[in-house]
Amino acid sequence: ETEPLTSKKDVSDCNKGEDCKENGLLVRNPKPALRLGEDGSKVRPSQGDKGEAAQISNGYSGVQSSVPCNGMGEVEDAQCTAPAATTTTTTTSTTCGAEGQQQLMELEERETWSKKIDFLLSVIGYAVDLGNVWRFPYICYQNGGGAFLIPYTIMAIFGGIPLFYMELALGQYHRSGCISIWRKICPIFKGIGFAICIIDLYVASYYNTIMAWAFYYLVSSFTAELPWTSCTNAWNTGNCTNYFSKDNISWSPHSISPAEEFYTRQVLQVHRSNGLDDLGGISWQLTLCLLLIFTIVYFSIWKGVKTSGKVVWVTATFPYIILFILLVRGATLPGAWRGVLYYLKPDWQKLLATEVWVDAAAQIFFSLGPGFGVLLAYASYNKFHNNCYQDALVTSTVNCLTSFVSGFVIFTVLGYMAEMRNKDVSEVAKDTGPSLLFITYAEAIANMPASTFFAIIFFLMLLTLGLDSTFAGLEGVITGVLDEFPHVWSKRRELFVLGLTIVCFLGSLATLTFGGAYVVKLFEEYATGPAVLTVVFLEAVAVAWFYGITQFCNDVKEMLGFTPGWYWRVCWVAISPIFLLFVTCSFLSNPPELRLFDYNYPYWTTVVGYCIGTSSVICIPIYMVYRLIMTPGTLKERILKSITPETATEIPFGDIRMNAV
1 ETEPLTSKKD VSDCNKGEDC KENGLLVRNP KPALRLGEDG SKVRPSQGDK
51 GEAAQISNGY SGVQSSVPCN GMGEVEDAQC TAPAATTTTT TTSTTCGAEG
101 QQQLMELEER ETWSKKIDFL LSVIGYAVDL GNVWRFPYIC YQNGGGAFLI
151 PYTIMAIFGG IPLFYMELAL GQYHRSGCIS IWRKICPIFK GIGFAICIID
201 LYVASYYNTI MAWAFYYLVS SFTAELPWTS CTNAWNTGNC TNYFSKDNIS
251 WSPHSISPAE EFYTRQVLQV HRSNGLDDLG GISWQLTLCL LLIFTIVYFS
301 IWKGVKTSGK VVWVTATFPY IILFILLVRG ATLPGAWRGV LYYLKPDWQK
351 LLATEVWVDA AAQIFFSLGP GFGVLLAYAS YNKFHNNCYQ DALVTSTVNC
401 LTSFVSGFVI FTVLGYMAEM RNKDVSEVAK DTGPSLLFIT YAEAIANMPA
451 STFFAIIFFL MLLTLGLDST FAGLEGVITG VLDEFPHVWS KRRELFVLGL
501 TIVCFLGSLA TLTFGGAYVV KLFEEYATGP AVLTVVFLEA VAVAWFYGIT
551 QFCNDVKEML GFTPGWYWRV CWVAISPIFL LFVTCSFLSN PPELRLFDYN
601 YPYWTTVVGY CIGTSSVICI PIYMVYRLIM TPGTLKERIL KSITPETATE
651 IPFGDIRMNA V
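Read in order, the letters of the sequence shown correspond to residues 1 to 661 in full-length UniProt numbering.
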């Protein structure tokens with residue numbers, strides 16, 4: 001029944017029909033689809049075979065053996081047991097050294113969500129973020145209102161949702177972060193993981209600054225009269241015109257609302273900056289706001305998903321209560337129907353403009369979040385047989401519906417503002433972007449009954465929307481680094497999270513200057529949009545064409561018990577990559593002309609923007625070259641080894657875990 005291995009054995013030394021036991025684990029050889037000089041087929045246990053294999057595992061469940069390693073990944077002493085009961089053909093491999101220690105560490109120490117609802121709320125809180133409330137309405141407004149909903153829906157169905165599902169399935173099956181997961185899929189694409197981490201750091205450098213603005217507004221709202229309702233403050237100019245006053249006020253082309261002057265001259269203080277070439281000093285008020293936000297973030301994520309999973313019970317549910325209150329209030333305002341009509345009536349000519357489709361793709365990916373490593377990280381803490389297919393449909397649908405409803409919340413107020421100014425809805429907001437909320441919406445709230453109450457809950461909603469998205473973005477980096485370097489950081493998570501938050505805070509200092517709003521817009525346009533689209537495109541290609549769509553669908557079947565249908569396969573293999581490639585090329589061929597307030601971005605900022613975006617994506621080709629150089633063999637052998645999964649994935653199998661690719 002047993003045969004001692006007195007000499008060092010290669011992988012192929014275990015005979016067919018044998019299961020090798022190592023360190024108390026039943027190990028199956030991770031033979032890939034691409035193997036030099038061998039037939040690429042491999043046998044995987046079917047759903048019906050798992051019952052028999054589970055019986056085998058009972059003999060191993062209580063056994064722990066010590067397998068000394070010589071430091072080179074070779075086993076000096078092991079046993080190979082051949083149970084006669086099994087009909088599943090398996091081969092074996094040994095896993096020693098740092099790689100084996102990492103796998104065993106993952107098996108023993110990887111935490112899971114306390115409850116399924118913690119995971120769902122975390123994903124919803126991540127997907128439903130500031131982008132749904134402050135980015136979606138102004139992009140929709142900028143691209144002709146209702147016309148934008150058509151490309152947005154198309155990109156969601158054929159691009160966003162399939163890739164959202166793909167990342168959840170990858171993370172849940174392989175139980176790894178955005179860096180180490182590529183060893184189990186296609187090692188040559190490991191640079192994608194490093195690119196994702198850099199993109200997440202760029203997002204953290206400007207995304208949290210927008211929350212600092214909201215926090216400043218929140219603190220300023222605790223007064224009987226909101227400070228952006230009058231023109232008698234120290235920061236106001238002679239052009240300040242309050243058309244909501246009881247006096248007969250004429251609105252001239254040079255008139256500026258008190259809300260706009262509060263935003264530009266008191267909060268941002270952009271009048272003290274001459275542009276990107278002269279940002280001016282740092283606003284100490286915004287610095288304190290951002291410091292408090294990062295403090296909250298640190299103590300919410302420093303212990304892992306078990307603590308952040310509880311915080312999102314508040315941060316993910318509170319915004320929906322506020323959105324409902326604001327929707328009811330907005331629907332009762334005079335002129336609200338004008339905004340709704342503009343929101344729903346499509347301008348068909350806009351569909352011919354490439355930038356509308358680019359904005360739609362960027363928005364759906366920025367909102368749903370494939371390509372940021374968060375879905376991989378969150379799903380990796382799930383139980384193996386969790387229904388991630390259902391999770392993907394529920395959370396992505398909730399996200400898109402929230403964006404749609406948020407549009408009503410914003411456009412009813414825009415209609416109200418147009419009614420008060422006797423203007424068309426399209427002329428109400430001169431500046432798109434965050435100013436749509438911090439100027440137009442803030443001004444509308446200030447002139448409602450119980451304005452202080454509505455201002456407090458509105459800006460508190462913006463904070464909660466941003467916080468759980470920040471939790472998620474940083475968790476993507478944390479999980480990726482900890483899984484890649486477990487021997488260094490697995491026992492020092494709190495210290496690593498502290499260092500990461502400090503780095504993000506220091507990286508945000510440029511956005512806290514008097515010209516920080518210009519930096520925020522530059523990062524938003526160049527650091528995330530094209531880089532994320534490129535990363536998701538390469539990720540889809542790596543999974544569908546190199547790892548193999550058949551292999552990936554088999555992985556999903558092992559988890560869920562059913563294979564993804566033809567719609568998902570076609571999207572993963574062809575439609576999603578084609579859409580992503582088209583949108584990326586369109587953006588690169590027609591870079592946006594940036595303008596904020598009265599400042600036109602000079603040409604050199606476009607070059608800087610491309611450098612920022614390229615600085616993350618460049619990790620992918622650099623790692624490819626590094627991988628090919630460091631891999632031994634001929635060029636053909638190097639390429640084949642580099643696209644072949646190199647480590648096994650541990651999957652539950654009865655009382656033990658089996659290794660499978």
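Possibly wrong hints are sitting among the right ones.
Straight-line alpha carbon distances no greater than 27 Å define the calculated BS3-like cross-link-like pairs of lysine-lysine that follow [said to hold, decoys possible]:
1. 383 to 303
2. 116 to 310
3. 423 to 306
4. 116 to 345
5. 423 to 310
6. 303 to 491
7. 350 to 303
8. 491 to 350
9. 116 to 350
10. 423 to 116
11. 557 to 115
12. 116 to 557
13. 115 to 345
14. 310 to 115
15. 641 to 383
16. 636 to 383
17. 423 to 345
18. 115 to 383
19. 115 to 423
20. 491 to 115
21. 310 to 557
22. 491 to 557
Computed spacing ranges between beta-carbons, pair by pair [stated by the list, open to error]:
23. 550 to 578: 16 to 26 Å
24. 237 to 574: 49 to 59 Å
25. 509 to 578: 51 to 61 Å
26. 284 to 313: 53 to 63 Å
Treat the hints as calculated values from the structure; they're not laboratory data. By construction, the Cβ of each residue, glycine as well, lies at the ideal position given by its N, Cα and C atoms.
Hint by hint, which ones does this structure get wrong, listed from lowest number up?
3, 4, 5, 7, 8, 9, 10, 13, 15, 16, 19, 21, 22, 25, 26
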